[in-house]
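My request is simple: use the sequences and hints to build the entire structure.
Protein chains: 2
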Amino acid sequence: MAADYGKAVCPMNAPMIQAPAQEMLKLLEELAVFSAPGAGVTRLLYTPEWSRAQFFLQERMAGLGLEVVSDNVGNVYGKLTGRNPEDKVILTGSHIDTVINGGKYDGAYGIAAAVTALHYLQQTFGQPLRTLKAVSFCEEEGSRFPLTFWGSGHVTGLYDGSEAEACADSEGVTLEAAMVECGIGMGIRSDKAESGDKSGSGTVGMGSTARRNDIGAFVELHIEQGIILEKTAKQIGVVQAIAGQRRFMVEVCGTANHAGTTPMHMRQDALAGAAEMLLALEGLAAEAGEPLVATSGRLEVLPNTPNVIPGEVLFTLDIRHSEEEELEAFCDCILAAFKGIAARRGLTLKIMPRLSASPAPMDGGLTGMLESICRNQGRTYRNMVSGAGHDAQLFAPQCPTAMIFVPSRAGISHSPEEYSSPEELAAGLDVLTALLYELAYK
Amino acid sequence: MAADYGKAVCPMNAPMIQAPAQEMLKLLEELAVFSAPGAGVTRLLYTPEWSRAQFFLQERMAGLGLEVVSDNVGNVYGKLTGRNPEDKVILTGSHIDTVINGGKYDGAYGIAAAVTALHYLQQTFGQPLRTLKAVSFCEEEGSRFPLTFWGSGHVTGLYDGSEAEACADSEGVTLEAAMVECGIGMGIRSDKAESGDKSGSGTVGMGSTARRNDIGAFVELHIEQGIILEKTAKQIGVVQAIAGQRRFMVEVCGTANHAGTTPMHMRQDALAGAAEMLLALEGLAAEAGEPLVATSGRLEVLPNTPNVIPGEVLFTLDIRHSEEEELEAFCDCILAAFKGIAARRGLTLKIMPRLSASPAPMDGGLTGMLESICRNQGRTYRNMVSGAGHDAQLFAPQCPTAMIFVPSRAGISHSPEEYSSPEELAAGLDVLTALLYELAYK
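So the sequences go chain by chain: D and R.
Take the first sequence: its position 249, counting from 1, is numbered 249 in the numbering used here, and each next residue is one higher.
Take the second sequence: its position 155, counting from 1, is numbered 155 in the numbering used here, and each next residue is one higher.
Misleading hints may appear alongside valid ones.
Copies of the same chain look alike in the list, so a pair counts if it fits in one copy or across any two.
Under the rule of at most 30 angstroms between Cα atoms (straight-line distance), these lysine-lysine pairs were calculated in the BS3-like manner [said to hold, decoys possible]:
{"hint": "1", "residue 1": "Lys-26", "residue 2": "Lys-231"}
{"hint": "2", "residue 1": "Lys-231", "residue 2": "Lys-88"}
{"hint": "3", "residue 1": "Lys-88", "residue 2": "Lys-442"}
{"hint": "4", "residue 1": "Lys-339", "residue 2": "Lys-231"}
{"hint": "5", "residue 1": "Lys-350", "residue 2": "Lys-231"}
{"hint": "6", "residue 1": "Lys-339", "residue 2": "Lys-350"}
{"hint": "7", "residue 1": "Lys-26", "residue 2": "Lys-339"}
What the hints contain is simulated information worked out from the structure, not anything from laboratory work.
In this text the structure is predicted, and so the values were computed from the model without any measurement.
What follows is the structure in structure tokens.
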């Protein structure tokens, strides 16, 4: 049981599409069936298709010999109890929900790989030293309700459930009502500890309180959702940090006026001013260099009429970096540049902070182990920053946390076009399995 | 009757707010009452408030001793028949319709001044040599139906009425149905010549065909709708030309992608590309100098989501100049610059022409007379280009045409805030009256 799995046992040079990989790919396809109608996969929190997916997972976990546990917000766990129950739990997984018309890999891949890895490890090496859990978090995307990380946020203490009453979806259904509708009994049985195998009960949730203090490490396998691995021809991304993020709403006010009768030098054109700001944003971001990214994704013009000089422009800023200080410095620099542009043009400027999330550095010990595993398995890999947010960022401040990326074709995600090849998915599974072995069996 | 009105008779140094000016200001206020509810004045073509305004004008014209004539699209004329009926008609006036929540001066001022000038000339100098007509065109703004110049366009032959069947307002009412509803009998009595005074009939229109071939000169007095006269402290603008106009829709396509996971150098950001184009537009327009103006008033981003790099941007271009060649050359230059930007950024570009209107030069003889009148009356004036479109532009290719501008406070128009002072309005009336005297009495 103390075999050097990374070097000796892990099939470094074996064909990729082997039995465990096939099992994982099959599970991914099975999960993709649980979707609302329409292109791609749409599996929003607490909808019938979401319930069926989580119930299906419980059945599958039980069938694979894992002990099934769910909590009072609908997170589902498959557990492999260790021989040292006093040791903290090694947790791996991702989220079961999707965006509207999303793909079948974002989130689901990390769950399918987690279940498969635990099954493989149990079959190959028997009971681990430390308890292993595969988790299917109920929600991460924020696609139905205006809250993200509803699953991992409960596990890590970001949420306590009090948010559910006031938070509603676009049709006015509150999060609380959606939970009741779906048979999720948040709080109802919070006195009860983890309630063991409920795979036969036909319900999801009704379990223990979601908050966990027994996690010793969290590992998340995920598609990159970017184009870096493909462009640099690497099989594996070893995530060093999940970028911190600042969002702002910027309001630029000038003077709406007649497009024909106002000479160029007498204008306070809010759109021309905004254009200069957006170019400055792009230029300064390129100058700052990777991993900084800065985006204006949403822009509205008022009155938005062809023959009227724009009087007002509203646009968003989304700025990300893996280092808090660099992130802050860039935001300061951009906002100062915007102020200068506004002042020179006689425009008024209002900058409204909308979101501030700190960078989440991954654990150096775990990333070092991932690099060793990649080398031992003969895989190409690179260190990288995750520009996208992930459940892992909530665990990073609380326990050693790692993320493994596999390539996304053309960098596309949140789309029915989302794709990673069976070989790429299998490579990620192999790396995850090797790390879990290191963490739970040695 | 051959007195030198401009020099001797016209009250050059008399107080401005004299009897005729008071009559005109009163008429302006009376017309402003005919409005749909809401801020400012809303008087859309063939609505009840429009009908009441045109009917009121017919009554007023008749009361002032003018012969009232209307045509089969609802243009209303007040006529002062000349002693030489074989001479062509001297026509002056503007449009009675407004934009939604417009002001009380745009259009109505030119009508009120025309009626007042004719009354004053008749009272002071008796019958003119050449027939004088004050006109209230039924429509110019295009605010209800997607057609502009419906009144002057019929008079000059741009329209023949066949457009009315297919053209509908935002509620689906066709122009034809609106005319019937309003009692306007387009075409019904087109065999009938100008039918004389109908002021007592209670209807507008039902008159002769609108097309006129007997116009010897057209003079339009209008508020500037710009800020040039105010900024340069001039009382009168002598319009040299109405700018030609080109409109385009520009489509910029890049690649929508994740704002967090796509490094800056791997982006095809359609909004950043559009921003560079808009800055180039502004810069090249400033370089080209007056009277060129170039505006992007409308811009749409797709998918317009804060954390997605914009994949597509659509924006409008509105480019105006008084010289056809300069206008063409600037459009060519801008479109070439856009192509260069798109190519360098790996964006695709589609440029769709939407409107092309040639510049309309005013008559040199008439503008010379206006300058003399201003000098003789001791008024400050400047030559200028009208960046806005006006009824006068349809007459310019067909007969000697002139436009007189008075200042608009802060350059504001198409707004309830539209304002010109009584003194400014009176100055315009004096200049118009003097020109009409020159044209009809000498």
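Evaluation of the provided hints:
Proximity of Lys-26 to Lys-231 under the C-alpha cut-off of 30 angstroms is restricted to the intra-copy arrangement: shortest distance 28 angstroms within a copy versus 74 angstroms between copies. With identical chains, the CA atoms of Lys-231 and Lys-88 are never at most 30 angstroms apart, being 38 angstroms at best within one copy and 76 angstroms at best between copies. In the homo-oligomer, the alpha carbons of Lys-88 and Lys-442 lie at most 30 angstroms apart inside one protomer (14 angstroms), although the nearest pairing across protomers, at 107 angstroms, exceeds that limit. Taking the shortest alpha-carbon separations for Lys-339 and Lys-231, only the inter-copy value of 27 angstroms comes in at or below 30 angstroms, while the best intra-copy value is 37 angstroms.
Taking the closest pair of Cα atoms, Lys-350 and Lys-231 come within 30 angstroms of each other only across two copies (29 angstroms); inside a single copy the shortest separation is 38 angstroms, beyond that limit. Taking CA atoms no more than 30 angstroms apart as the test, Lys-339 paired with Lys-350 passes inside one copy only; the shortest distance there is 9 angstroms, against 33 angstroms between copies. In this homomeric assembly, Lys-26 and Lys-339 never come within 30 angstroms of each other (Cα to Cα): the closest approach is 54 angstroms inside a single copy and 48 angstroms across copies.
Checked against the numbered hints given earlier, the structure breaks hints 2 and 7 and satisfies all the rest.
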